[in-house]
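Protein chains in written order, with the numbering used here: chain A, 1 to 505; chain B, 1 to 505.
Calculated from the structure, these hints are not laboratory results.
Among these hints, one or two may not hold up.
The list makes no distinction among identical chains, and a pair is therefore deemed to hold if it is satisfied within one copy or across any two copies.
Claimed, not checked - List time: in silico EDC-like cross-link candidates among lysine to aspartate or glutamate, alpha-carbon distance up to 20 angstroms:
no.	residue 1	residue 2
1	Lys332	Glu53
2	Lys132	Asp415
3	Lys342	Asp136
4	Lys386	Glu443
5	Lys254	Glu53
6	Lys132	Asp346
7	Lys56	Glu45
8	Lys56	Glu331
9	Lys339	Asp82
Protein chains: 2
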Amino acid sequence: MGLKNSRAGNYPEWYQNVISEASMAENSSSPGCMVIKPWGYGIWERIRDVFDEKIKETDHENCYFPMFIPLSFFQKEAEHVDGFAKEMAVVTHSRLAMKDGKLTPEGKLEEPLIVRPTSEAIIADSFSKWVKSYRDLPVLVNQWANVVRWEMRPRLFLRTREFLWQEGHTAHASAAEAEEETKRMLEAYRDLCENTLAMPVLVGRKPEHEKFPGAVETYCVEAMMQDGKALQAGTSHFLGQNFAKAANISFVNKNNESEFAYTTSWGVSTRLIGGVIMTHADDEGMVVPPKIAPYQVVIVPVIKKAEDTDAVMAYINKLITALKTQLPFGEKIRIKLDKRNKAPVDMFWDWTRKGAPVVCEIGMRDAEGGKVMVKERLKLGTPEGKQIIEAEAFVSGIARRLEDIQAAMFAKAKDRLMHNIRTDIKTPEEFAKYFEASNVWIEDGKPGKVAFVRGKWSGDPASEELLKAMKITIRCIPFDQSGTEGVCLLTGKPATTDVIYARSY
Amino acid sequence: MGLKNSRAGNYPEWYQNVISEASMAENSSSPGCMVIKPWGYGIWERIRDVFDEKIKETDHENCYFPMFIPLSFFQKEAEHVDGFAKEMAVVTHSRLAMKDGKLTPEGKLEEPLIVRPTSEAIIADSFSKWVKSYRDLPVLVNQWANVVRWEMRPRLFLRTREFLWQEGHTAHASAAEAEEETKRMLEAYRDLCENTLAMPVLVGRKPEHEKFPGAVETYCVEAMMQDGKALQAGTSHFLGQNFAKAANISFVNKNNESEFAYTTSWGVSTRLIGGVIMTHADDEGMVVPPKIAPYQVVIVPVIKKAEDTDAVMAYINKLITALKTQLPFGEKIRIKLDKRNKAPVDMFWDWTRKGAPVVCEIGMRDAEGGKVMVKERLKLGTPEGKQIIEAEAFVSGIARRLEDIQAAMFAKAKDRLMHNIRTDIKTPEEFAKYFEASNVWIEDGKPGKVAFVRGKWSGDPASEELLKAMKITIRCIPFDQSGTEGVCLLTGKPATTDVIYARSY
């Protein structure tokens with residue numbers, strides 16, 4: 001009953017199959033853009049709700065800034081525009097008119113507008129109006145928005161021309177406070193990835209050549225996909241005074257001197273959903289962590305004789321009422337009764353492909369015996385994955401069951417990450433040979449052929465070219481440095497800095 | 001202590017003052033676009049949460065569709081493109097390059113892309129892929145998104161080039177079912193406006209010349225602002241088979257015949273916030289209905305001696321803990337402790353300008369006596385608007401108090417609406433004379449000089465020009481028709497249809 005492609009067979013095709021069979025998203029007729037379908041969007045809503053709460057707990061306020069940024073704003077920060085100029089959607093006209101029977105852009109704008117690839121440029125402009133004195137600082141805002149980067153090789157969730165994200169933007173009176181903020185939000189991302197998405201990550205900072213354009217430091221959380229590649233899951237940038245100088249965010253400090261503010265920005269996007277897929281999905285389809293599952297429990301009625309309908313439905317409704325009193329993760333439980341007029345087995349496979357954590361099949365025999373047939377997606381195909389349980393025990397145990405599934409998903413992914421960071425590669429030769437192979441899929445419980453390497457890096461400026469030639473990247477410079485001396489795996493030069501090398505998305 | 005401008009003095013300036021003093025939004029450096037600031041965005045979040053629940057209760061699912069619509073998609077529905085062509089942002093290039101020292105658009109697109117002014121065209125394209133059989137119907141989706149209409153005279157919340165909204169889109173197997181959906185969502189809007197925003201509305205359908213471009217019927221909810229003008233607060237469109245034919249949304253029906261689906265769309269936007277302002281704000285600033293107030297209760301500490309700080313703060317924290325057990329409107333209460341280092345009187349006026357429903361000032365005397373100074377925004381300046389109450393009574397009564405404020409705000413606005421629909425104007429002469437005057441502000445409890453007229457309309461095609469010349473509009477053809485015969489207030493011809501005439505935003 002597997003998908004058309006398996007992870008071992010054709011990993012990229014498998015990824016597409018998972019998304020399409022789960023009805024999470026699809027390519028749109030609008031080139032390079034995706035349609036996020038209800039199951040995919042539902043996952044995004046859960047991620048958003050969880051992280052929005054964190055944003056507010058940490059005293060940030062949601063705002064909304066214009067999507068159109070005047071071109072001249074990009075001229076102010078040279079590195080920033082260099083980083084994004086090649087992938088910007090440009091609005092040049094403000095209407096259409098019929099000309100020779102063809103709809104044609106008209107009303108040429110005096111100044112072209114850029115559809116935000118990120119909002120530092122326009123938000124810095126607002127900050128410059130809001131901040132006059134140290135008393136106005138810090139400014140702590142966030143927005144949930146769509147952004148556009150003109151990807152030439154789009155892939156659902158991972159790289160689409162338009163995507164959804166949150167972007168936090170803050171301004172502070174001191175560098176220390178801004179750096180603290182940058183790291184606080186990095187930690188919030190680690191927490192989100194690990195405790196909500198059940199996706200373990202490595203944390204650290206980016207090397208110079210991988211920094212956000214215009215940043216002083218970029219910190220990141222990096223996850224390992226099932227093919228051993230890295231996915232940058234979130235970034236938090238300390239922007240120093242770069243954007244403050246460009247946009248003139250200046251304030252009078254306590255000593256009555258004028259000073260530029262220190263700013264930060266940080267974001268995670270719908271790309272996280274791509275990470276969740278490649279962390280948890282299997283050859284049968286999607287597996288959604290209970291915390292972000294649009295429905296945590298799905299109920300499939302199994303009605304063999306029409307005259308049983310009332311009794312079965314009454315039993316199901318009683319069960320749903322009882323389940324609704326339960327609070328997995330301390331929140332309202334999310335239950336779906338599948339009312340479609342389809343064969344129960346087809347409904348079951350639909351929810352399996354979608355990766356709903358728990359599916360209950362309930363028929364006349366269950367209604368009469370006070371039982372529930374409980375199927376756990378994570379244990380599909382195993383004897384424990386399919387059990388008939390007393391309804392009362394099922395209800396009273398559902399919160400614990402979902403919490404256990406969440407924990408098991410994290411443990412499994414953590415195990416994969418921990419067992420696939422090679423630390424024993426010590427020379428450039430071994431290193432090059434290691435990355436000559438390519439990984440298809442890291443089978444559960446077994447080490448993959450190629451995944452991450454933790455090793456030394458000299459910081460040599462030539463690294464960027466060497467990495468490009470080998471098609472690998474430095475994912476991060478982990479915070480936990482060993483401090484030992486060794487040999488740079490790229491250049492062979494002496495080096496003390498530990499970095500994570502990997503292929504990446 | 002009033003705003004710079006009053007409603008009676010300069011109504012349009014008063015509107016701007018309310019928004020700016022409440023820090024709800026501001027004009028951006030991005031031409032014609034606004035920055036929605038935390039207090040304004042917080043109101044939008046509440047509106048969104050309330051309506052999102054309704055959307056889901058009525059079996060709609062949230063999705064996300066691309067913001068860029070290929071130009072050719074607009075060529076398919078002639079009326080639709082006619083309606084929007086004059087206000088479309090057009091993306092024509094995909095990157096910037098430095099040319100002669102100037103950033104210049106490059107990478108001209110083969111086909112220009114339109115930034116959605118509304119999404120019928122792109123969503124119909126998806127529907128055409130999703131719908132094959134009657135079994136696939138109905139399709140019931142919604143998205144929360146930004147849209148762009150190139151307004152030439154932008155006004156905060158009411159008309160900005162970019163705004164936020166929800167747009168529901170559905171496809172059905174029969175016209176009757178689609179019409180039922182259209183009316184169900186119209187009723188959902190009436191309920192939202194009246195029971196959440198405390199903004200009474202008239203419901204009805206639009207005359208032919210005011211319909212959504214491409215619709216068979218447009219239904220609307222119309223509110224009366226304090227200057228007697230109408231604000232279209234929401235619209236629900238029955239699109240018949242127009243978009244289905246344009247995008248080929250066809251399905252095999254139960255009789256095994258191919259048929260085009262019947263579609264609907266419906267939306268409300270951040271414009272609602274403009275409506276809330278002009279329904280409830282007064283000469284002292286904003287007044288926010290408790291149901292959508294980002295904070296329902298604000299606590300301002302009044303600490304006169306530093307040594308009182310601990311005692312006062314301990315008392316306040318105890319009060320907050322007690323308040324949090326209360327559930328106004330059956331929901332978690334929203335409380336803000338104002339920790340700013342500002343004079344209490346300034347904090348109080350800040351929250352007055354913002355229109356927080358209840359502000360508590362708490363000092364040492366209150367802490368010692370177990371009391372709370374309670375100020376109600378709606379009763380500002382009256383003796384009942386400022387009372388010292390036992391803390392326990394305040395806590396146990398807070399839900400009821402907020403619910404009463406909500407009800408009082410609705411009653412006041414309803415009263416204004418009911419007393420300002422003239423039904424006694426019977427001839428075109430009287431009618432023209434009536435609208436020669438202009439209204440500034442409908443003082444509470446008094447009829448305005450000019451507001452709405454309910455009277456006859458012949459439906460004559462010349463009406464559109466006549467209305468334009470008089471700068472008035474037909475807001476809607478109310479569902480409750482009297483059926484009596486009379487004289488068209490525009491043409492003097494015999495007419496039986498009752499309509500609502502008004503100036504409008």
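Enumerate the violated hints, using their earlier numbering and listing them in ascending order.
2, 4, 5 and 9
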